[in-house]
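First to last, the protein sequences are chains A and B. 175 is the number that the working numbering gives to position 175 of the first sequence; each next residue is one higher, with no gaps. 589 is the number that the working numbering gives to position 138 of the second sequence; each next residue is one higher, with no gaps.
It should be emphasised that the hints constitute simulated quantities derived from the structure, not laboratory data. Note that the structure is a prediction, hence the values are computed from the model and not measured. The C-beta atom is built at its ideal place from N, Cα and C for all residues, glycine as well. Be aware that a few hints might be false.
To be verified - Looking from chain A toward chain B, a few residues come up when the C-beta cut is under 7 Å (computed): (1) ASP181; (2) SER185; (3) SER216; (4) SER299; (5) GLN412.
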Amino acid sequence: MTDATAEGPRPARAHHGSLLVKDARTKARNAAETRFRLYGAIAVGIAVVALVGLLSSILYNGASAFRQTFITLNVYLDPDVLDKNGNRNVEEISKVSTFGYAPLIEAAFETAFENPEIGIEGVTASDAEDLISKEAAAQLRRYVLANPGEIGQTVEFEFLANGRIDGYYKGRVTMQSAERDSNVSPEQLQLADQLKAAGLLSTHFNWDFLTLADASENRPEAAGLGVAIIGSLYMMLVVLVLSLPIGVATSIYLEEFAPKNWFTDIIEVNIANLAAVPSIVFGILGLAIFINFAGLPQSAPIVGGLVLTLMTLPTIIIATRASLKAVPPSIRDAALGVGASKMQSVFHHVLPLAMPGILTGTIIGLAQALGETAPLLLIGMVAFVRDFPAAPPEGLFDPAAALPVQVYNWTQRADPAFTERASGAIIVLLVFLLFMNAVAILLRRRFERRW
Amino acid sequence: MSFAKLTVSAVAIAAVSATAAAARDQIQIAGSSTVLPYATIVAEAFGENFDYPTPVVEGGGSGAGRKKLCEGVGENTIDIANSSSRIKQSDIDTCKANGVNDIMEVRIGYDGIVFASDIDGNEFAFTPADWFNALSAEVLKDGELVANPNTNWNQVNADLPDQEILAFIPGTKHGTREVFDEKVIEAGCEASGAAEAFKAAGKEDGCTTLRTDGVSVDIDGDYTETLARLDANKNAIGVFGLSFYENNTDKLRVATMDGITPSTESIASGEYPVSRPLFFYVKNAHLGVIPGLQEYIEFFVSDEIAGKNGPLAEYGLVSDPELAKTQEMVKNQTPMGTLN
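Assemble the whole structure, with the sequences as input and the hints as a guide.
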């Protein structure tokens, strides 16, 4: 056969290179393939452009949320204001509300104005006080209550600067916009520049964004993600503890033990359908069952976790069943052949081999649950929560926020400073998701077996 | 398998014991998104200055808040409903049916509704009649009711600039829309004489039926959405709350209404016509049960918070001239009487 073809008449050489002469059909097929590759490349290109556009807009808007402007002031803790009776009794000192602390900051500016390099005509100490966040009074009060002995001393504090001043150093506020802005004047910005020149004002990395609780609209500069991060962690804890064992047990039973009949078929179809149910439906279910019927508290991570568990279970079950199916039957047969019981063969051989797939599925399910907002809307988690929840297990029943909910809340606020913080919160959420996906990849690499 | 069983039962036990033991120690509030910023400011200050936990404040809308308040008495129902419109008889009936008998009505102050356009755009001086003639489905022309032919503001009123009419108004789920309909559109309907013509023609809702040809756009989201839409359509006019405008004076140019510029002063004096009272409703049965509830309400209406120089006024709330009366009522825990 080979000889025959070798001896056949040679086609005239049209060009160097391949001996193959393309007929019209081959050309058409090759062209179709080239077009298809082009379509693919265009699709990937569009996806990449969209992703880069989205990420860069978020990073551009949100990166500044991690930096904050601070003003350093020496505050005289006036005993006449804070402790009129002079007995340093914490209970009596605590009677002075945060409103009583404002004059101390004003007085601190009066002192600062004694420096000849600081001071703008027309800006009084009271106007200067607006440079400082409203959080400052609370910060002072907390300090005094913790250290009543310091009353009468002059203590150096680093206060958050007001959101508008902070915006000035981030480019959000300009001299032109300040002229039209009812919350800040160009003179106040000039004063801020003087403070900066004197080394009293600086912009640096702000851990508070990650550790502080949410703040009201009067002080966007003090708003942080602390409660939201803890709330999200608690919810993920509940989801993990519940959905992993339930999901894996369900899958093992359905895949390895359950008889194949119409009943298990119906269950399988339902699980597949549940995975496609819109998440808000689980929120309605959660409200009806966990809050109205079971009487669990509103805004609590336990309820959020239970709702998200219901949402994640189908994902985990489907992933686990797929990875159980992928274990070759020869492993089961070998185990059974050497006398292992069915359960031993599953738990000693099949399950360890299916582990990487199960873990990946679980983590992907968790990541999906982490970013979910809709079901939380209905169970009271879209709320303004300032107190940190206690340690688990009690803390699971305390009110908390969640990361995606915090993003949603901040985008609705009037002060433009919250836009930056919402994007910052998205960055934190993305970092969490990236981290979880990286762990999923790592686990898969580590435990993967090949045959 | 046993591990799964153990987990399930552990959670079940935890859930049951928690229901029995969960003495809720923080106040829970829900309702109007207009009142929400004020409530968060007060909640924050309350948490800072008292030994009680910071109240948890949810938005969701006035109607939804009142509905939640009326769900019943008990720790898994809310204590306070914020509302940007007065409670309705239907709400009170629902409350009664669910055993919520005494409700305290607390008026915290007034909110102005302002009309604003892009800062670099034209200046506007409106009257309610202008808005009616610009947005109503049918207007009076030469004594006849005709489908609204106006496309530019100067056709509505020769004094207004020659600019295309495009208005972003709050959607019907907002309490703000009710006030807009009542104080602007209906008032304009009366003023332009169209109200009588509608009556004669037997069209009961003639006044508040707005045109649907894309000139008037309902915004169902928050004011931030209206602002974003204004940014994209420099020719449009948006409806905002006074406090939102005051926080964005560098981006928005406010229009006058009947020649009055909206401000906390002109609203407090009643000169600026488009304003409304803001309320919150307290479930009296929870007073003394939820720790700090009474203190929170008293703190909210105290002079240092809700007064003229307090943080709420600074944010844009028009303080109530009759605040002293409210303080007295709150102190005595007087439940509200029948709606008049």
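Evaluated hints:
1. ASP181: holds (4 Å)
2. SER185: With Cβ-Cβ at 12 Å, over 7 Å, it is violated.
3. SER216: holds (4 Å)
4. SER299: Check passed: Cβ of SER299 of chain A comes within 5 Å of chain B, closer than 7 Å.
5. GLN412: holds (5 Å)
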